[in-house]
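All chains, please: the whole structure from these sequences, using the hints.
Here this note's numbering = 1-based position in the sequence shown + 3.
None of these hints come from the bench; they were simulated from the model.
In this text, all values refer to a predicted model and were calculated from it rather than measured experimentally.
Honestly, I wouldn't trust all of these hints.
List time: in silico EDC-like cross-link candidates among lysine to aspartate or glutamate, alpha-carbon distance up to 16 angstroms [to be verified]: (1) Lys337 x Glu267; (2) Lys164 x Glu256; (3) Lys335 x Asp294; (4) Lys213 x Glu186; (5) Lys143 x Glu127.
Quick list of simulated restraints, FRET-style, between CB atoms [as the list claims (entries may be wrong)]: (6) Arg139 x Asp441: 42 to 52 angstroms; (7) Gly379 x Asn305: 32 to 42 angstroms; (8) Arg456 x Gly105: 30 to 40 angstroms; (9) Ser180 x Gly379: 46 to 56 angstroms; (10) Leu37 x Ala270: 47 to 57 angstroms; (11) Pro118 x Gly366: 47 to 57 angstroms; (12) Gln372 x Ala233: 37 to 47 angstroms; (13) Gly366 x Ala270: 44 to 54 angstroms; (14) Pro100 x Asp380: 17 to 27 angstroms; (15) Asp129 x Ala444: 43 to 53 angstroms; (16) Gly366 x Asn311: 47 to 57 angstroms.
Ideal Cβ positions, reconstructed from N, Cα and C, are used throughout, including at glycine.
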Amino acid sequence: PLAPYRGAFKRFFTVYRHVLGLLLGGILAYVRALPPGERGGFNHLPARFAAFLARPVVKRSLRDLPFARQLRRRLEILGPTFIKLGQIMALREDLLPSTITGELSSLMDQLPEAPFRQVKHILERDLERPLHQIFRRVRKEPLGSASIAQAHLAETPGGEKVVFKVIKPGIREVITSDLKLLEAVGVLLQWVLPRYQPQQIIEEFSAYTKKELDYTFEADNAEIFAANFADTPGIVFPDIYHDLSTGDVLTMEFLRGLKPGSDEALALGEATRERVIDLGAEAIIRMLYQDGFFHADLHAGNLVILPNEDDDEKPLQVGFIDLGMVGRFGQKTKRNLLYYFYALVRGDVENATRYLLGMAHLGEGADPQGFRRAVGDLVRRFRMQGSRRSELSVAQLILESLSLGGKYRIFFPVEMTLMVKALITYEGVGRMMEPELDITAVSRRHVERIFRRRFDPRKVSRELLSNAPEMVDLAVDLPQLLAEGAGFVEERLNRPPPSSAPWEGVRSGILAGAFVIGGAVAAVGGGAWFLWGPLFAAGLLLAVFGSS
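Written out as structure tokens, the structure reads:
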């Protein structure tokens with residue numbers, strides 16, 4: 004009866020052994036990193052004793068490595084789930100030390116490909132017909148093989164070039180089991196290392212990975228992107244073949260084009276290269292600050308340049324592929340991000356730090372004022388160090404600003420670091436294709452366009468109209484709320500205080516404040532001037548003459 008659980012028990016103890024080995028290896032690395040003059044002192048005697056006990060237990064090939072390298076090696080040993088976890092950890096430069104994120108960025112995700120007979124079995128099982136009825140031709144050698152899936156080039160019976168991705172056999176069961184183990188490990192690590200928020204990282208990773216295991220999510224993502232950019236012919240996303248797709252199989256249009264770093268792409272004319280950079284900026288800035296729905300696994304391999312030189316009617320295009328991992332921003336975060344980026348590219352340090360803090364979560368013992376000063380100093384130093392406009396990296400500035408958060412117990416959502424990754428990818432591709440181009444100026448132009456659109460009177464009117472029910476309720480209830488509030492204040496102030504001197508003018512001041520707040524609510528709600536004007540006037544008169 005225990006046979007089905009035997010593998011799970013074995014996996015649990017394997018993971019537990021590596022977690023324990025990593026903690027013990029961390030003690031060894033800590034003692035090894037101590038300055039020579041401090042190793043013999045009494046202050047570090049417990050750590051040295053623990054290292055003495057731990058050394059025989061830690062695997063010989065790992066015990067002399069730095070902690071960050073031990074972590075990377077153990078994640079690679081544990082397999083695909085933990086490799087994906089390490090890749091998410093590499094993004095969290097706001098939570099983890101740079102030595103760890105730098106080491107984890109080199110994690111290898113290139114795993115052996117599944118035999119084509121297994122791929123064929125999955126296709127025929129999911130699509131319920133023989134392979135020759137599904138595709139006219141299939142390239143058996145995969146275009147690429149990662150931890151979860153592999154991709155193949157094919158041709159439909161109608162002669163259309165497509166790419167299909169297949170989730171590797173058995174990988175879903177392995178990852179689902181590993182995620183359950185990780186949740187338990189996260190509780191332990193949160194207790195041991197609360198500063199680095201391991202439980203939060205694991206929860207974020209689990210949510211993203213579960214969606215990557217179901218291709219219906221990626222198909223939906225592709226359609227959302229296509230709808231968002233339907234009015235922009237220069238930005239394209241692969242069409243999805245729904246009749247050839249399931250949860251385990253995804254078939255999409257093959258975007259035949261150039262990779263940004265290829266010799267062919269770099270050989271394009273200067274005007275064409277600048278147009279590619281401009282299209283990339285338009286797409287990414289719009290995803291982040293207008294749509295709030297963006298490609299969260301963006302790197303040069305997921306971009307395709309389609310010159311369309313043989314088709315005069317089709318313009319130059321930039322395509323985005325591999326859309327399984329996306330980020331989303333709510334309306335408030337999206338607005339704050341837009342204002343933050345706009346303030347940043349204009350050099351408005353005070354407002355930039357204010358908007359950045361507005362998107363943060365304050366941990367226990369947070370120091371927002373210290374964070375504000377540190378970010379302000381960073382922005383000023385950054386702008387002074389940029390000897391040329393083309394050398395300024397706004398993405399790097401944002402990343403370093405987020406990295407300061409951990410020091411001041413200020414934390415940001417994972418979408419923020421995914422956003423920075425998208426910006427860094429864009430800047431890197433831009434500088435690769437046109438080193439002398441002012442990338443920041445290109446970004447600023449698109450941000451300003453969205454900023455102007457954000458404050459278009461028609462858009463503001465539509466937003467006010469969408470909130471009309473709440474505003475009507477507020478307008479109806481406001482007189483009663485003000486009357487009740489004024490009555491409460493009157494009743495409290497009519498009680499004789501111990502000394503009347505400190506209370507002189509307080510009643511008028513509070514009532515004046517109530518009238519001004521009421522006027523502000525009515526004005527912001529889009530009310531007519533004759534609703535909020537008298538409230539402001541009454542508040543002003545009480546403030547000026549009330550004390551007499």
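Results for each hint:
For a cut-off of 16 angstroms, the pair hint linking lysine 337 to glutamate 267 is broken: about 37 angstroms separates their Cα positions. Distance hint between lysine 164 and glutamate 256 is fulfilled; the C-alpha atoms sit about 7 angstroms from each other, no more than 16 angstroms. Note on lysine 335 and aspartate 294: the hinted pairing holds, with a Cα-Cα distance of about 12 angstroms set against a maximum of 16 angstroms. For the given pair, lysine 213 sits about 13 angstroms from glutamate 186 by alpha-carbon distance, which is consistent with the 16 angstroms threshold.
Among the hinted pairs, lysine 143 with glutamate 127 is consistent with the structure: their alpha-carbon atoms are about 15 angstroms apart, no more than 16 angstroms. With their beta carbons about 48 angstroms apart, arginine 139 and aspartate 441 fall inside the hinted range of 42 to 52 angstroms. The given range of 32 to 42 angstroms is respected by glycine 379 and asparagine 305, whose C-beta atoms sit roughly 35 angstroms from each other. In this structure the hint that arginine 456 and glycine 105 lie 30 to 40 angstroms apart at CB holds, the actual value being about 38 angstroms.
A hinted range of 46 to 56 angstroms for the beta carbons of serine 180 and glycine 379 is consistent with their spacing of about 47 angstroms. At about 53 angstroms, the CB distance of leucine 37 to alanine 270 agrees with the hint of 47 to 57 angstroms. For the hinted restraint 47 to 57 angstroms between proline 118 and glycine 366, the CB-CB distance of approximately 49 angstroms keeps it satisfied. For glutamine 372 paired with alanine 233, a C-beta distance near 45 angstroms keeps the hint of 37 to 47 angstroms intact.
Distance hint for glycine 366 and alanine 270: a CB-CB separation of about 50 angstroms, consistent with the stated range 44 to 54 angstroms. Between proline 100 and aspartate 380 the beta carbon distance is about 20 angstroms. The supplied range of 17 to 27 angstroms therefore holds. Here the CB-CB span from aspartate 129 to alanine 444 is close to 49 angstroms, well matched to the stated 43 to 53 angstroms. Taken as a hint, the range 47 to 57 angstroms holds for the pair glycine 366 and asparagine 311, whose Cβ atoms sit roughly 50 angstroms apart.
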